[in-house]
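Q: Based on these hints, arrange chain B on the given structure of chain A.
If you're matching them up, the sequences are chains A and B in order.
Numbering (the numbering used here) for the first sequence: 1 to 218.
Numbering (the numbering used here) for the second sequence: 219 to 1049.
One should not assume that every hint holds.
[To be verified] No farther apart than 20 angstroms at their CA atoms in a straight line, the calculated lysine to aspartate or glutamate pairs in the EDC-like style are these:
{"no.": "1", "chain 1": "B", "residue 1": "Lys824", "chain 2": "B", "residue 2": "Glu375"}
{"no.": "2", "chain 1": "B", "residue 1": "Lys569", "chain 2": "A", "residue 2": "Glu58"}
{"no.": "3", "chain 1": "B", "residue 1": "Lys824", "chain 2": "B", "residue 2": "Glu449"}
{"no.": "4", "chain 1": "B", "residue 1": "Lys569", "chain 2": "A", "residue 2": "Asp60"}
{"no.": "5", "chain 1": "B", "residue 1": "Lys569", "chain 2": "B", "residue 2": "Asp759"}
FYI, nobody ran anything at the bench for these hints, they're computed from the structure.
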Amino acid sequence: MLPLAGCSGPLSALDPAGESARSAAWLWWGMLGLLGTIMLVVFALWFLALRRGPAKTEADAGRTARWWIIGGGLVLPMTVIVLILAFGIPLGQRMLPLPVAGGEPLQINVTARQWQWQVNYPDTGIRLTDEVHIPVNTPVDLHLASDDVVHSFWVPRLGGKLDMIPGHTNVLRLQADEPGTYRGQCAEFCGTGHAHMQFRVVVHDQAGFRRWQQGVRE
Amino acid sequence: MSQAPSAEQQARHDRFERVWGNRPGWGALSAVNHTTVGLRFLVTGLAFFLVGGLLAMLIRTQLALPEQEIIGADLYNQLFTMHGTVMMFLFAIPVLEGAAMYLIPKMIGARDLVFPRLSALGYFCYLFGGLIILSSLFLQIAPSSGWFMYTPLSSSEFSPGMGSDFWLLGITFVEISAISAGVELVVSILRSRAPGMSLQRMPLFAWYILAMALMIIFGFPPLILGSVLLELERAAGWVFFAVEGGGDPLLWQHLFWLFGHPEVYIIFLPAAGIVSTLIPVFAGRPIIGYRWVVLAIIMMGFVSFGLWVHHMFTVGIPQMAQAFFSVASMLVAVPTAIQIFVWLATLWAGKVRFHLPMLWVMGFLIVFVCGGLTGVMLALVPFNWQLHDTHFVVAHMHYVLVGGMLFPLVAGLYYWLPHVSGRMPSDSMGRWGFWLFFIGFNMTFLLMHLTGLLGMPRRVYTYEAGLGWDWLNLLSSVGGFVMAVGVATVILDIVLHFRFGRRAAPNPWQADTLEWAIPMPVNAYNFASIPEIRSRHPLWDQPELMQSIPAGEHRLSRIEDGRRDTIGSDAISGEAREVMHLPSNAWEPLVTAALLAGLCLSLLLKTYTLAVVFAVLALVACLRWSWVNGLHPRMAPRDRSGELPLHSRTTDGPGRWGMIVTLMADGTLFASLLFGWLYLWPVAPDWQMPEQSPLSVWGLLGSGLVLAGALGLWWRQVQGAVSVGGLGLVTGVGLVHCIALGLTAFDAGLAPGNSAHDSILAVVLAYLIFHSGLTVLLTGLQVFRVRHGYTSRALPYELRVLHPLWGYTVAVYWISVAVFLALPAAFGGGA
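Extracted from the complex, chain A is given alone in its bound form (with noise of 0.2 angstroms):
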């Protein structure tokens, strides 16, 4: 799955255990490799078009140019642009909030403010501070809101991240691959405490995440 050892790390998008972080990192190792490949082949062209000759005449010139310009100027980042959407939108698409075919996902509402993260879960009333557990290969949809400024939840290795706006309540869907702890932070600047406003994210299996409500709740 990695290309690269160095590519883990606990806050790494590109070491996912989810399944939109995982469509993320596919992204871009594919967008990598695509755009990255016309980049050198334009570098090319250019110390090529530094190392030649004039053109011949002026037909020639304008021959050329119509080609260079109509193929790399239109055809190119047009094919381009289509590629990448064909790919983007359907994996996009799959990382919304979508119904769950049999059952509704699992709410977890989560409330921010300078510096912290109150999480509240709806249906058994457990309330945390900082961080979040939920149980692995489960749907769960975060209710994401502010008590004071602008701020973003993300948790890089599950999935994408959403701001959480007052007045606003965005929902974040995310599923976890496989049990362990997960690092989350604040994205959005938020003032002084910015940098340390953390949390984690703690993916049970089923039978430990009912043992785990049962301990809180007790």
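A: Okay, now just chain B, sitting in the frame of chain A:
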């Protein structure tokens, strides 16, 4: 000139210098000449660049190692806020405006910009505003909520100090210079080209600057409005962005990025213009695909206004909107790619001479293409959700901005240095500077992509060890310092070249554009005579211009009445239409800017009585300025009997064009206000629309009808019935309208402290009263000018200048009645 100028030529030069030169000593502060003002912009901008760079060095020092506490969180926040603010508002935009101001008249064959005093006003507003903003840093109360100033973090509750006020007031003050430069460049490019220079023959650089200037006109007003609203919220407790009371913090983000995204292209376009100018010169052939480039510029200008939401993909906006903005953001790759491949084709077909400026152009191509490609990546929404607000974006943005602006700027600096100094830059030291900068830059920012992918968010003042970011940050910091050494080398090289550079031959790079026909080092008046242009590449196709221009063989080769003048031409065909007489050295700009600085400072210190005094004095200064204008004998020469009329004796001079372009900016501000109303109404969570509008319908209709009546009377005056009595009557009726409007506003009993609805209405009313009042005041002034004979039936120029303002005032009045009164009534109150 290779041969020494003849005695006659020297005598002509001396006569021109007497009229066009600056005053000696302190009198130089009254200079309005575009060469002087443009160079002042450039030098001041470079000074601010060094300040911004110093802040970057401090940031990189703090981030070099994990868990450092050299700089605390609060100071760090001030540093990165100021780094962004200084680089964007005090360096990038003003420097490019300065370059455009310096180059445009020289490239299009004019002697000055068409509103020289406005350039000087813009410069002083920029200088004073910049110093006010910087002073906050030295007092350690600098703004600290980011250069994007997101509410509510920047609101009085979470940023109680003066920092945000410094930003909002200071930047708005600086923006005066941007808008004035925008107006000035648009009108100059359209109306003062050398005869025969049709749009088709215009140098590409002028196309780029025309697009940039128009984008300033449409791009800056949303930010100006946003800043004014946020300052009102902070200082007076009005409600626009606070949820409580019916505002929405997202409105700020929309207004900010409505400006913020076009701004990126406002910076990129002139830089790309430099590249499009240099590449053909060093390839020794005309650019291939001139029309393609013009098309790409226009497309870029339009598309860039449809991208702003891509800064907001993570705020939770509807999917359809995201898809639209995602596609639009990627589409901008098309005009960019067209330009890249036009440059490539030109190099391919030409014989490339590799001089120092070309090195920086190649640096630009590499760095900018790289940044453009990561831009395409970030435009993809699912990828953006991961990388938004990480160091990946920091890297991308620096690749685009440093690549797309700084590299071409330095290329341009080296290229046009001989023009200013008459000396060539050194080759070896310049190369050292380039490689140090280029290697340092890539070391800092290439690695930073990975830092972001590994999860490092932006705007954190420190980070834990062991997250995989340690070595990356250390190398980025080292690279940053290498880059700084590169900057120092380049500056040293440029400074030394003024002393040690070898003398430049005429047209040292064998360029095609007119500015190189000016003898070096540059003089005050550009062209001793203004030639007829018959080609897109005048110096390649009409090489005799190098001699015939200074020899006075073309138009306007004599100074008449001891006045400055240049040729006004048709906007499209470039045919000569009039002689534009231009103002000479003047103190009005400095005085007005100083009074506005006083206004800005007194608002900052919340001494509102003093603010009113400064505002009134500034208004008086502006009126005085406008009085000594048009056909005032100190401004206008006696009527001349030439083939071309004086512009003040026509009906369509530059003033009228300036008025129309200014109103385009003004209209954008008004449209942004409408946007705010139509946005908050359905979106803001706590928005309250009262059952019945607090404004009296009869008051508004009555006042509006009186205004329409005044317009009718005014119309007759403009149509030819110019008289003291007639204009007096217009003024009187207009005054009645103003009073009725004022009473209606007063009678409404708005409570802007409680609701966003009332706050917006209050702003709209203030806007309408301001415009009505201004229109009436300027019409009243015309009464006196008719009496002095500056305006008359035979000389209706000033009425023609004022005419669009009347139309605008009436239009915004009735649009406001429709949108703020009729629309809520139609959709039922309380919605």
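Q: Each hint: holds or not?
A: Hint check:
1. B:Lys824 x B:Glu375: Within the cut-off at roughly 17 angstroms; holds.
2. B:Lys569 x A:Glu58: Holds, because 13 angstroms separates the two Cα atoms, which is no more than 20 angstroms.
3. B:Lys824 x B:Glu449: It holds: about 11 angstroms lies between the C-alpha atoms, which stays within 20 angstroms.
4. B:Lys569 x A:Asp60: Roughly 14 angstroms between the alpha carbons, so the hint for B:Lys569 and A:Asp60 holds.
5. B:Lys569 x B:Asp759: 19 angstroms, holds
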